[in-house]
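Could you build the full structure based on these sequences and the hints that come with them?
Protein sequences appear in the order of chains A and B. If you read the first sequence in numbering that gives the first Met the number 0, its first letter stands for residue 0, the second for the next number, and so on. If you read the second sequence in numbering that gives the first Met the number 0, its first letter stands for residue 0, the second for the next number, and so on.
Treat the hints with caution; some may be incorrect.
Incomplete in silico selection of chain A near chain B, CB under 8 Å [what the hints assert, rightly or not]: (1) ARG70; (2) TRP87; (3) VAL100; (4) VAL103.
It should be emphasised that the hints constitute simulated quantities derived from the structure, not laboratory data. Computed from a predicted structure; not experimentally measured. For each residue, glycine too, the CB sits at the ideal point set by N, CA and C.
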Amino acid sequence: MNAVVLADLDKRFAAVHALDGIELTVGQGEFVSLIGPSGCGKSTLLRVVADLEQPTGGTVEVTGKSARQARLDQDYGIAFQQAGLLDWRSVVQNVELPLQVHGVGKAERRTRALELLELVGLSDFAGSRPAELSGGMQQRVAIARALAPSPKLLLMDEPFGALDEMTRERMQAELLRIAGETGAAVLFVTHSIPEAVVLSDRIVVMSPRPGRITEIVAGRRPGAVPDDPEEVEDVRETGAFFETVTAVREALRKGAAA
Amino acid sequence: MTRPTPVSERHSRSVGLNESAVRSRGGWRGTSSVLAPVGFGIAVLVVWQLVVTVGGLPSFLLPAPTAIAEQIGAQFPVLLSTGAVTGGNALVGLVLGFALGVLLAVLAAGVRVVSDLVTPVVLAAGAIPIVALAPVFTTMFGSTTEIPRRLVVMVVVVVPVYVSTARGLRQVRPVHDELMVALAATRRQYTRFVRLPGAVPFVMTGLRLAAPAAVIAAIVAEYFGGLQNGLGSRISSAAANTAYARAWAFVAASIVLGLLFFLAGLLAERLVTRTLLSRPPGGSS
Ligand SMILES: Nc1ncnc2c1ncn2[C@@H]1O[C@H](COP(=O)(O)OP(=O)(O)O)[C@@H](O)[C@H]1O
Ligand SMILES: [Mg+2]
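Right, here's the structure in full:
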């Protein structure tokens with residue numbers, strides 16, 4: 000079953016035609032990035048999938064259900080540009096939140112949250128407050144939280160946008176490892192071409208006014224999952240990487256010119 | 000007015016900013032912020048003494064600090080007992096008003112109708128001089144009970160607590176809002192997990208603002224008759240009997256009581272806010 004199927008999706012705000020005729024399928028376990036200039040509708044697309052925004056036309060199917068049902072079933076996990084942790088809860092309590100909302104028992108959700116903190120490398124900070132953590136660590140907590148209900152789909156809106164370059168590259172490697180380990184499909188919004196290329200199976204290039212898909216570029220790893228950060232590093236040095244970066248850049252330019 | 004710093008500080012601190020409530024004041028600034036006002040207070044007392052004794056100011060205008068100090072010594076047991084009565088009224092009214100203010104704000108945040116009914120009433124209560132209700136309450140409940148004063152204090156306290164709590168409950172970060180929708184949280188879960196804990200620093204700010212106001216209300220309410228057992232009634236009867244130094248002795252006791260409440264409120268705010276935002280014991284829920 001596909002993680003996301005969008006058919007002829009249309010979204011209009013009062014004065015803005017944010018999304019026009021979007022056709023996109025995200026397969027099971029697939030990593031798809033959305034890239035494009037500011038205002039081309041990337042966030043809107045993600046929010047429609049998350050059922051935080053209602054489409055004005057077309058159909059949305061998430062994990063084989065309506066977007067609303069998928070949200071109610073916690074079929075997706077979501078991470079925003081801001082980590083959005085609750086300051087008054089400890090790190091582990093923040094990770095537990097989605098499970099707590101869905102009535103999972105105390106002991107069980109604590110066990111699961113500690114597993115996830117281990118996955119994102121923050122076991123030592125389970126009892127800390129979010130304010131004691133760096134931006135990158137907070138974002139890792141937010142990712143752990145998004146993964147808590149074992150979602151089939153991970154929605155991420157520029158989650159590394161506020162991080163410095165070094166942290167960002169490390170987080171990319173971690174995200175790939177986590178996505179590989181959990182088998183979750185990822186729909187990932189970014190501004191950064193190299194980030195999209197390193198991470199994605201497919202890169203969806205969008206253009207604004209109205210928000211459309213200009214082109215879908217095949218990423219550097221058709222299905223293959225590197226589980227080793229060094230392997231991810233190596234990818235940045237390959238010729239294929241630079242070719243894909245160029246392809247995405249050209250697609251973006253075409254979209255801007257059109 | 001021996002220690003004016005805390006009062007001026009209250010104005011410089013912005014209401015409801017929990018970072019400012021958490022940030023600690025230490026180092027030389029802390030020391031100088033105690034020394035400067037103490038020195039200033041002593042200077043004021045010296046000048047005051049000189050003006051009264053050397054300048055020969057009539058005692059009904061202003062008694063000398065030494066005369067007031069003498070009265071404080073002579074009346075000390077009475078100062079304590081009357082201070083306890085007024086302080087007790089302020090405390091009871093503060094606790095009741097605080098509970099009522101928080102309860103109303105939480106109800107108003109959850110139920111639209113309650114908000115529409117309560118908000119204008121509370122805001123109106125904030126705009127009128129509530130102590131003017133004292134004689135009305137005295138007539139309603141009789142002049143042999145503490146109830147009228149406590150009611151006045153309660154009404155005075157409800158206003159800032161309600162306003163501050165309501166503001167805290169409204170102040171949810173958009174990202175938290177979205178998160179709770181994405182998690183398919185119920186309204187109750189949203190209130191319990193996000194709105195209420197997020198509002199706690201604001202609730203405590205309301206308490207800090209209300210605490211000294213409670214003392215003022217308790218004292219002033221006594222000016223309007225009723226039992227003659229508190230600081231306010233002693234101030235008015237001493238003044239009426241031309242015992243000015245004695246009146247000032249009770250004024251001094253009132254200031255001390257007000258400062259006690261102010262500092263207690265400040266301490267409560269800091270402790271709660273700091274506990275809330277720092278390392279939790281054991282990280283349990
Ligand atoms: N709630 C909204 N109301 C009105 N216009 C909106 C709203 N959300 C987004 N838009 C508009 O839709 C367009 C796409 O926005 P967005 O999806 O945030 O773009 P991106 O994430 O690609 O930068 C923009 O022109 C934006 O101003
Ligand atoms: Mg965006």
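Structure-based check of each hint:
The beta carbon of A:ARG70 is positioned within 8 Å of a beta carbon in chain B (closest approach about 5 Å), and the interface hint is therefore held. Taking 8 Å as the C-beta contact cut-off toward chain B, the hint placing A:TRP87 at the interface holds, the least distance being around 4 Å. A hinted interface residue such as A:VAL100 counts as satisfied when its beta carbon comes closer than 8 Å to some beta carbon of chain B; here the least separation is about 5 Å, so the hint holds. The restraint placing A:VAL103 at the interface with chain B is violated, with a minimum CB-CB distance near 12 Å, outside the 8 Å limit.
Consistency with the previously given hints fails for number 4 only.
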